[in-house]
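Asker: In order, the protein sequences belong to chains A and B.
All residue numbers for the first sequence refer to my numbering, where the first residue is 9 and numbers rise by one.
All residue numbers for the second sequence refer to my numbering, where the first residue is 9 and numbers rise by one.
Take these hints with a grain of salt, some might be off.
Treat identical chains as interchangeable: a pair holds within one or across any two.
What the hints assert, rightly or not - Calculated cross-link-like contacts (lysine-lysine; reagent style DSSO-like; alpha-carbon spacing at most 30 Å): (1) 204 x 89; (2) 96 x 166; (3) 204 x 40; (4) 204 x 96.
If you are wondering where the hints come from, they were derived from the structure by calculation, not from laboratory data.
Number of protein chains: 2
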Amino acid sequence: MSAIDFYFEYGSTYTYLTVARIRALANLQGVKIAWKPFLLMPLLAEQGMIQGPFLPYPRKIDYMWRDLARRAAEHGIPYSKPSLYPPKETLTCARLGVLGAREGWCEQFTENVFALHWTENRIIGTDDNLYAALESIGQVPANAIERARSPENKEALKSQTEEARRLGLFGSPSFVAAGELFWGDDRLEQALAWAKLN
Amino acid sequence: MSAIDFYFEYGSTYTYLTVARIRALANLQGVKIAWKPFLLMPLLAEQGMIQGPFLPYPRKIDYMWRDLARRAAEHGIPYSKPSLYPPKETLTCARLGVLGAREGWCEQFTENVFALHWTENRIIGTDDNLYAALESIGQVPANAIERARSPENKEALKSQTEEARRLGLFGSPSFVAAGELFWGDDRLEQALAWAKLN
Numbered sequence: 009m010s011a012i013d014f015y016f017e018y019g020s021t022y023t024y025l026t027v028a029r030i031r032a033l034a035n036l037q038g039v040k041i042a043w044k045p046f047l048l049m050p051l052l053a054e055q056g057m058i059q060g061p062f063l064p065y066p067r068k069i070d071y072m073w074r075d076l077a078r079r080a081a082e083h084g085i086p087y088s089k090p091s092l093y094p095p096k097e098t099l100t101c102a103r104l105g106v107l108g109a110r111e112g113w114c115e116q117f118t119e120n121v122f123a124l125h126w127t128e129n130r131i132i133g134t135d136d137n138l139y140a141a142l143e144s145i146g147q148v149p150a151n152a153i154e155r156a157r158s159p160e161n162k163e164a165l166k167s168q169t170e171e172a173r174r175l176g177l178f179g180s181p182s183f184v185a186a187g188e189l190f191w192g193d194d195r196l197e198q199a200l201a202w203a204k205l206n
Numbered sequence: 009m010s011a012i013d014f015y016f017e018y019g020s021t022y023t024y025l026t027v028a029r030i031r032a033l034a035n036l037q038g039v040k041i042a043w044k045p046f047l048l049m050p051l052l053a054e055q056g057m058i059q060g061p062f063l064p065y066p067r068k069i070d071y072m073w074r075d076l077a078r079r080a081a082e083h084g085i086p087y088s089k090p091s092l093y094p095p096k097e098t099l100t101c102a103r104l105g106v107l108g109a110r111e112g113w114c115e116q117f118t119e120n121v122f123a124l125h126w127t128e129n130r131i132i133g134t135d136d137n138l139y140a141a142l143e144s145i146g147q148v149p150a151n152a153i154e155r156a157r158s159p160e161n162k163e164a165l166k167s168q169t170e171e172a173r174r175l176g177l178f179g180s181p182s183f184v185a186a187g188e189l190f191w192g193d194d195r196l197e198q199a200l201a202w203a204k205l206n
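Build the full structure now, drawing on both the sequences and the hints.
Answerer: Here's what the structure looks like:
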């Protein structure tokens with residue numbers, strides 16, 4: 009079966025569009041998606057892009073918000089600009105994502121935390137956001153967060169971030185299909201096509 | 009008739025994809041394109057993006073070349089990576105573009121200089137490149153270059169760059185359709201749709 013490794017950072021804006029779209033598109037095309045949360049910020053810092061690629065440039069940020077809203081509308085994705093950007097802390101969220109991938113609930117958890125952030129202004133990574141997302145998939149929040157903070161699971165996130173570093177990733181969402189890197193929500197369709205052809 | 013202002017910098021890589029595509033797409037959709045060369049570098053410098061958005065980040069540059077080749081293949085556009093990037097000087101080329109827009113030959117001239125650069129490695133902005141592009145559209149190169157360097161035409165390029173600054177442009181290609189800014193070759197279709205609907 010064709011497959012894509014989907015690397016993503018919970019604090020990324022455009023990643024919302026992919027998270028909202030990838031399940032249906034991949035199902036339609038019969039491509040299997042491996043959900044791979046990682047920490048983008050350390051990788052950007054190493055490459056001299058410390059505050060993220062957009063933050064230093066006000067015109068680009070203004071454009072990004074407008075572009076996001078237009079792209080969401082074009083794809084029929086519910087969208088409401090959150091009151092906070094970037095989110096203060098996504099470490100616990102990323103650890104939960106990795107735990108979810110190991111236990112089989114990463115996809116639904118991730119769809120939920122992004123949807124809460126981007127449609128209900130329940131800021132991603134906050135307790136409010138994480139508890140609601142975990143409860144809606146039948147997880148006991150305090151238990152899941154405790155497992156997410158186990159030494160073994162912390163190590164799993166580190167090692168996935170290390171994997172992203174080795175692959176040369178510099179943004180989110182990133183897709184690896186048959187050894188090819190695709191970056192950005194607007195390359196999702198191309199990555200799926202690549203996965204099927206190769 | 010629907011219309012788009014197409015702002016572009018001759019030294020930009022992804023702009024090649026747009027220059028190779030926009031005429032046919034716009035004709036098909038009945039959208040009128042105003043070709044507007046401007047100088048991107050001063051605008052990037054003002055915004056702290058001095059060397060262009062990609063140059064400082066080797067991973068992003070590597071990715072850009074791969075992405076360009078893949079996008080060109082996807083669109084059926086001839087593509088061969090030029091031996092020099094960025095080009096040394098695009099000022100005369102931009103002045104010729106502005107002159108061409110005033111005299112009615114900007115589109116064909118621009119298609120030619122980009123095609124020579126991106127398929128025959130005749131580096132954009134060099135005499136070799138400009139002379140061939142001008143001759144192929146029936147212009148006498150030395151005469152056209154002299155007109156391009158007239159005070160009036162130099163002023164026209166400055167004033168178009170000033171216009172780009174006022175619009176908040178930070179990249180090439182950029183499209184302005186019914187007051188909306190779209191940035192990047194991968195937003196060309198969306199800009200055309202916007203122009204038709206608004």
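Asker: Now look at each hint and say whether the structure bears it out.
Answerer: So, going through the hints one by one against the coordinates:
no., hint, in the structure
1, 204 x 89, "between (34 Å within a copy, 26 Å between copies)"
2, 96 x 166, "within (19 Å within a copy, 42 Å between copies)"
3, 204 x 40, "within (10 Å within a copy, 37 Å between copies)"
4, 204 x 96, "neither (38 Å within a copy, 41 Å between copies)"
Of the numbered hints stated above, the single one contradicted by the structure is hint 4.
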